[in-house]
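Turn these sequences into a full structure, and let the hints guide you.
Protein chains in written order, with our numbering: chain A, 8 to 235; chain B, 3 to 231.
Keep in mind that the hints were calculated from the coordinates and are not lab data. Quantities reported herein were computed from a predicted structural model and do not represent experimental measurements. The C-beta atom is built at its ideal place from N, Cα and C for all residues, glycine as well. Treat the hints with caution; some may be incorrect.
[Stated by the list, open to error] Here are a few chain B residues that face chain A, going by a calculated C-beta distance under 10 Å:
1) 34
2) 61
3) 66
4) 78
5) 159
6) 162
7) 186
8) 190
9) 214
[What the hints assert, rightly or not] Sample of chain A residues with no beta-carbon within 10 Å of chain B, all distances over it, derived:
10) 69
11) 79
12) 92
[As the list claims (entries may be wrong)] From the derived model, a few chain B residues whose C-beta atoms are all more than 12 Å from chain A:
13) 27
14) 54
15) 77
16) 88
17) 122
18) 179
19) 180
20) 193
21) 196
22) 198
23) 199
24) 228
Here's the letter readout for the chains.
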Amino acid sequence: MVLADFADQLLAGTWMTVQLAVTSLFFGTILGLLGAGARLSSLLPLRLIGGFYTTVIRGIPELLVVLMIYFGASVVLMGVASQFGYDEYIEINPFTAGVIALSLTFGGYATEVFRGAFQAIPEGQRESAQSLGMTSSRTLHKVILPQVWRYALPGLGNLFLILLKDTALVSVIGLEDLMRKTTAAVGFTREPFTFYLAAAFIYLGLTVISMVAIHSMERKSNRGLEVA
Amino acid sequence: MDWDIIIEYAPRLLDGAWLTFKLILLSGTIGALLAVPLAFGRISESYWVRSIPYAYIFFFRGTPLLVQIFLVYYGLAQFEFVRDSALWPWLRQPWWCAIITFSLHTAAYIAEILRGALQNIPKGEVEACLTLGMSRLTMYRKVLLPRAFGMMIPAYGNEVILMLKGSALASTITLLDLTGMARTIIARTYTPVEIFFAAGVFYLAISMLIMLLFSWFERRYNAHQRPVM
Numbered sequence: 008m009v010l011a012d013f014a015d016q017l018l019a020g021t022w023m024t025v026q027l028a029v030t031s032l033f034f035g036t037i038l039g040l041l042g043a044g045a046r047l048s049s050l051l052p053l054r055l056i057g058g059f060y061t062t063v064i065r066g067i068p069e070l071l072v073v074l075m076i077y078f079g080a081s082v083v084l085m086g087v088a089s090q091f092g093y094d095e096y097i098e099i100n101p102f103t104a105g106v107i108a109l110s111l112t113f114g115g116y117a118t119e120v121f122r123g124a125f126q127a128i129p130e131g132q133r134e135s136a137q138s139l140g141m142t143s144s145r146t147l148h149k150v151i152l153p154q155v156w157r158y159a160l161p162g163l164g165n166l167f168l169i170l171l172k173d174t175a176l177v178s179v180i181g182l183e184d185l186m187r188k189t190t191a192a193v194g195f196t197r198e199p200f201t202f203y204l205a206a207a208f209i210y211l212g213l214t215v216i217s218m219v220a221i222h223s224m225e226r227k228s229n230r231g232l233e234v235a
Numbered sequence: 003m004d005w006d007i008i009i010e011y012a013p014r015l016l017d018g019a020w021l022t023f024k025l026i027l028l029s030g031t032i033g034a035l036l037a038v039p040l041a042f043g044r045i046s047e048s049y050w051v052r053s054i055p056y057a058y059i060f061f062f063r064g065t066p067l068l069v070q071i072f073l074v075y076y077g078l079a080q081f082e083f084v085r086d087s088a089l090w091p092w093l094r095q096p097w098w099c100a101i102i103t104f105s106l107h108t109a110a111y112i113a114e115i116l117r118g119a120l121q122n123i124p125k126g127e128v129e130a131c132l133t134l135g136m137s138r139l140t141m142y143r144k145v146l147l148p149r150a151f152g153m154m155i156p157a158y159g160n161e162v163i164l165m166l167k168g169s170a171l172a173s174t175i176t177l178l179d180l181t182g183m184a185r186t187i188i189a190r191t192y193t194p195v196e197i198f199f200a201a202g203v204f205y206l207a208i209s210m211l212i213m214l215l216f217s218w219f220e221r222r223y224n225a226h227q228r229p230v231m
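As structure tokens, this is what we get:
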């Protein structure tokens, strides 16, 4: 079986894919929270920035974002650096470029998910917290955020599944993820169908594992609630 | 930012945008047609009929589009019977591989949207049709499918925009769509910031156009639901 000869390579690629997805999830969630904060802000400029961010990032292909960050950002960085007298060639490594691109994408969609979650919490709860004498930061921490988590989780779960599949795009700029390792194996064995199908099933496996994890997190976040 | 280079290459980018447009129009149409039987299979009462579209949808929604397009473009050539078949002159062209992949991919998503719409039609309407003595075929043709289409327009519009973004992957199998054209130009001029910026603006413009088109379409199609005043 040829597939078995490349098992360790595919495994290494899978590990890279998982690292990329989890790192992007972390930064993307932060971006999403910041974006939602901006969109719900009472300051008009912040609202405009938040709206601009989600509109633009959701209208541009993920592949184009990946390419833009990888090829565009190094040109911009070199331009900035040359202002300070540094004229060497600067290259962003594929992993960093991938994390930036995927976090930006995830964050753009997560902004809308978090905004919906914040707005789903009845105004009365904020008012009752206030009348109990809670400070606004305490209200946010103890009353609002725990519920935002509950409302946002299903949406974030879907976004993570999309993110997981989008990691394959980073192979285009040379990251040694599952997709690129598979392409390398295809180059050796000349069995493209076998190997791409194997990769597809590994991605499916990752999807299933994530779905199970998301489901158990949803159950946990809904404990104590009467849900049908 | 060098605006001259954008102006110089805008016609080439427009050519790319036209290819992108043809890709989503053709695969969107084929995908929508494929989605109808898939959705009906998915809501069948028989476990065996149900499980086939379920597995299909699960595979196409659970794996990256990039893997799917490589499976078709590079993968099919592995089999001798494919290379010997009468279809080979088409199957080896990147254009048809992209059309096949995108159609199969978007069909899985549209089928789920259509299924959701069909299952959300109030039971009373089905009962009303049956009371009037309609045959099942007439009921679906005249009442349920038109109703489901009306309900799924917003979700379908979103799916077309996702398809637009997915179509950028055609550039990985040498097609000169908007992204492919941008990459080709950059390889010659080495001006990634300007050309990617311009390509991004083109994509944004196309998605705005699609959104406008669908909101107009929804107003027309669901005119009966509009408030009177």
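Taking the hints in turn, this is what the structure says about them:
1. 34: 21 Å, violated
2. 61: This hint holds: residue 61(B) lies near chain A, its Cβ roughly 7 Å from the closest one there, short of 10 Å.
3. 66: 4 Å, holds
4. 78: At about 7 Å, which falls below the 10 Å cut-off, the nearest Cβ of chain A leaves the hint on residue 78(B) intact, so it holds.
5. 159: 13 Å, violated
6. 162: This hint is violated: residue 162(B) lies away from chain A, its Cβ roughly 12 Å from the closest one there, beyond 10 Å.
7. 186: 12 Å, violated
8. 190: 14 Å, violated
9. 214: Status violated, d = 13 Å.
10. 69: At about 6 Å from chain B, residue 69(A) fails to clear the 10 Å cut-off, so the statement is violated.
11. 79: 5 Å, violated
12. 92: Check passes; 21 Å lies beyond 10 Å.
13. 27: Since the minimum Cβ distance to chain A is about 17 Å, residue 27(B) lies beyond 12 Å and the statement holds.
14. 54: 17 Å, holds
15. 77: 4 Å, violated
16. 88: Non-interface label on residue 88(B) holds, nearest chain A Cβ at 20 Å vs cutoff 12 Å.
17. 122: With a cut-off of 12 Å, residue 122(B) remains clear of chain A, as the shortest Cβ separation is near 17 Å.
18. 179: 10 Å, violated
19. 180: Non-interface label on residue 180(B) violated, nearest chain A Cβ at 8 Å vs cutoff 12 Å.
20. 193: Non-interface label fails for residue 193(B): nearest chain A Cβ at 8 Å, not farther than 12 Å.
21. 196: 9 Å, violated
22. 198: 4 Å, violated
23. 199: 8 Å, violated
24. 228: The claim stands: residue 228(B) keeps its Cβ more than 12 Å from every Cβ of chain A (closest is about 25 Å).
In summary, the numbered hints that this structure violates are 1, 5, 6, 7, 8, 9, 10, 11, 15, 18, 19, 20, 21, 22 and 23.
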